[in-house]
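Protein chains in written order, with my numbering: chain L, 198 to 470; chain H, 5 to 294.
Simulated from the structure, these hints should not be mistaken for laboratory data. Do not take every clue at face value.
What the hints assert, rightly or not - Now the in silico label distances, taken between C-beta atoms and shown as ranges:
(1) Ile217(L) / Leu209(H): 23 to 31 Å
(2) Lys72(H) / Leu207(L): 51 to 59 Å
(3) Pro387(L) / Leu14(H): 43 to 51 Å
(4) Ser357(L) / Leu13(H): 58 to 66 Å
(5) Val282(L) / Ser9(H): 15 to 23 Å
(6) Leu13(H) / Pro387(L): 25 to 33 Å
(7) Glu191(H) / Gln456(L): 24 to 32 Å
Stated by the list, open to error - Reference excerpt, derived from the structure (chain L facing chain H, CB under 10 Å, subset only):
(8) Arg208
(9) Val220
(10) Val272
(11) Val275
(12) Met286
(13) Val304
(14) Leu321
(15) Leu342
(16) Ala366
(17) Ser415
(18) Leu416
To be verified - Listed next, the stretches of chain H that the computed footprint assigns to chain L, with coverage defined by at least 3 CB atoms under 8 Å from CB atoms of chain L:
(19) 153-164
(20) 191-199
Model, not experiment: these values are computed from the prediction. Just so you know, even glycine gets a beta-carbon here, dropped at the ideal spot from N, CA and C.
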Amino acid sequence: MVASRIRTTLRYFGLFSILIVMVFPLLWMFRVSVMHSGAAVGFRDLLFGGVTFVNFLDLFHQANMGRYLFNSIVVAIVVTDANVVFCFMVAYVLARYRMLIGKLLFVTVIVILMIPAHILIVPLYVLMIKTGMYDTYWALMLPWLVNPIGIFLIKQYLESIPPDMEEAARIDGASELTILFRIVMPLCKPALAVLAIQVFFTNWNLFLFPYILTSSESLRTLPVALAHFQGHQAIDWQHLMAGSAVAVIPVLIVFAFLQRQIVSGITAGAIKQ
Amino acid sequence: MKRSSLIALLLLLPWLITFIVFWLFPLLMSLIAGFTDYSLLSRSSTEWIGWNNYRELFVDEDFLSAVKNTFIFVFGSVPVTTVLALLMALLVNRRLPGRGLFRAGFFLPSITSMVVIALIFTNLYQRGGYVAMLAAMVGFTPPEHGFLYSNSTALYSIMAMDIWMSVGYYMLIFLAGLKSIPAELYEAARIQGASSMRQLFSITLPLLRPVALFIVVINSIKSFQIFVEIFVMTKGKFDTASMVYFIYDVGVTTAFRFGYASAAAYVLFLIVAIFSTVQFLLLRKRRPIW
Chain L
198 MVASRIRTTL
208 RYFGLFSILI
218 VMVFPLLWMF
228 RVSVMHSGAA
238 VGFRDLLFGG
248 VTFVNFLDLF
258 HQANMGRYLF
268 NSIVVAIVVT
278 DANVVFCFMV
288 AYVLARYRML
298 IGKLLFVTVI
308 VILMIPAHIL
318 IVPLYVLMIK
328 TGMYDTYWAL
338 MLPWLVNPIG
348 IFLIKQYLES
358 IPPDMEEAAR
368 IDGASELTIL
378 FRIVMPLCKP
388 ALAVLAIQVF
398 FTNWNLFLFP
408 YILTSSESLR
418 TLPVALAHFQ
428 GHQAIDWQHL
438 MAGSAVAVIP
448 VLIVFAFLQR
458 QIVSGITAGA
468 IKQ
Chain H
5 MKRSSLIALL
15 LLLPWLITFI
25 VFWLFPLLMS
35 LIAGFTDYSL
45 LSRSSTEWIG
55 WNNYRELFVD
65 EDFLSAVKNT
75 FIFVFGSVPV
85 TTVLALLMAL
95 LVNRRLPGRG
105 LFRAGFFLPS
115 ITSMVVIALI
125 FTNLYQRGGY
135 VAMLAAMVGF
145 TPPEHGFLYS
155 NSTALYSIMA
165 MDIWMSVGYY
175 MLIFLAGLKS
185 IPAELYEAAR
195 IQGASSMRQL
205 FSITLPLLRP
215 VALFIVVINS
225 IKSFQIFVEI
235 FVMTKGKFDT
245 ASMVYFIYDV
255 GVTTAFRFGY
265 ASAAAYVLFL
275 IVAIFSTVQF
285 LLLRKRRPIW
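Please model the complete structure; the sequences and the hints are all you need to start from.
In structure tokens, the structure reads:
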């Protein structure tokens, strides 16, 4: 028994060490975000320096943090809702209609999954400029409305649901759209929730495309705004970390409540990041 | 047209439109642009220049260095991440009190915004910063201006951060793989007196092989596209520019050489395509892990 107790102790020691390493940088961010402005971010100040929330207030009063937060929320919500509805529609067709092109479309979805999105940097930029969508909300949302991973995820789920209910409803004379949105969609709720969370996180954290496809200060999302903060004058770590905390806190809240769905989404949708 | 196919078409429409407008058309356009001198700044009309862009790429010092850095990044961070993720999964995969806490804590960095992570580590890596202090404590002299301001440490510092960030995500995938191993196998092994080490090497690791392979390939595909951390932390200086950074830099910041950047993008595409094909060949006969 002594041997097994030692082993458990060692295991906990390992687990705690890793936990400290994994969580430390985030704690560091929170600590710096509540430090007095102008204080050197040294070790002594971290332990004994006071706590103030004035950095957060500054961000909302002097910088345009409220606007950035608003942009991030609006864009993420629109993109997430669109993905839930549109991916479901496509997945339904792929899963239920026995069409010849169905297979072809599915292969297309798989192929898109394997194409690195970053090769779109130049052509999307040119496209947005030529169509006048550059530096508008359209540029932040339109390219991401239907996510092939989402189609894939929902299709797999739909195929595990027998079509009995739909057929019964069809015999009762329900229209196709009623069947689709009133009967099948509620059945897909677990998979749609997983999809929604994943899309929300991805979009919330998106940086490169929002950065290159907009230029106005008023269109910045949180990650873009943070990158701009840093790009300016000498780095003011207290405010920068407070801004980072604003971007992280919503994610932490969602994570705390929906951990199970998030984890199952990772393992189900792991096909592509 | 039959009514049902009309409905199907209607349902597909939003996807088809966004797919064609924001994926297919831009991709084809940039494939063509790669063979022209298309640029925002040039006054003259765009001309067809054949393979010239590609020829230029392979003698362009900046591009070659970006390719080199990208490969160092991928081949350095992917194996380390995989091994660490596996070890962490094995540690967590026991019925222990507090297991959920560890799993959540390990996973936390990978759902945090990359920009935020990069900013935090810029602070940690700076001159006289926390990491420098730790390094000094173990007798290592940190670079004079901070870890991100030295050719010899910048890229590796970013790699370490990336490993730290993504390891929890891959741990979760390993955990799913561990869960799918039937418990009877371990029972049978125990009855026959196999030690836990023996069980690890004869049951766990061989059965995790497809999962590990899967992780290596998706992580490689993702790592080939490294950009944000480099943009935030070094702006491509100190020998850290990656291929995507090169595309970004040449394409949409100063030179606006759309044709040239498109060609570079297709080189990246080709590399990733080769990896994806390898993935398919290696995983084809195996049950998918989801």
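To see whether the hints hold, each was checked on the structure:
| no. | hint | result |
| --- | --- | --- |
| 1 | Ile217(L) / Leu209(H): 23 to 31 Å | 28 Å, holds |
| 2 | Lys72(H) / Leu207(L): 51 to 59 Å | 41 Å, violated |
| 3 | Pro387(L) / Leu14(H): 43 to 51 Å | 26 Å, violated |
| 4 | Ser357(L) / Leu13(H): 58 to 66 Å | 26 Å, violated |
| 5 | Val282(L) / Ser9(H): 15 to 23 Å | 21 Å, holds |
| 6 | Leu13(H) / Pro387(L): 25 to 33 Å | 28 Å, holds |
| 7 | Glu191(H) / Gln456(L): 24 to 32 Å | 30 Å, holds |
| 8 | Arg208 | 6 Å, holds |
| 9 | Val220 | 5 Å, holds |
| 10 | Val272 | 14 Å, violated |
| 11 | Val275 | 13 Å, violated |
| 12 | Met286 | 4 Å, holds |
| 13 | Val304 | 12 Å, violated |
| 14 | Leu321 | 5 Å, holds |
| 15 | Leu342 | 5 Å, holds |
| 16 | Ala366 | 15 Å, violated |
| 17 | Ser415 | 19 Å, violated |
| 18 | Leu416 | 16 Å, violated |
| 19 | 153-164 | violated (count 0) |
| 20 | 191-199 | violated (count 0) |
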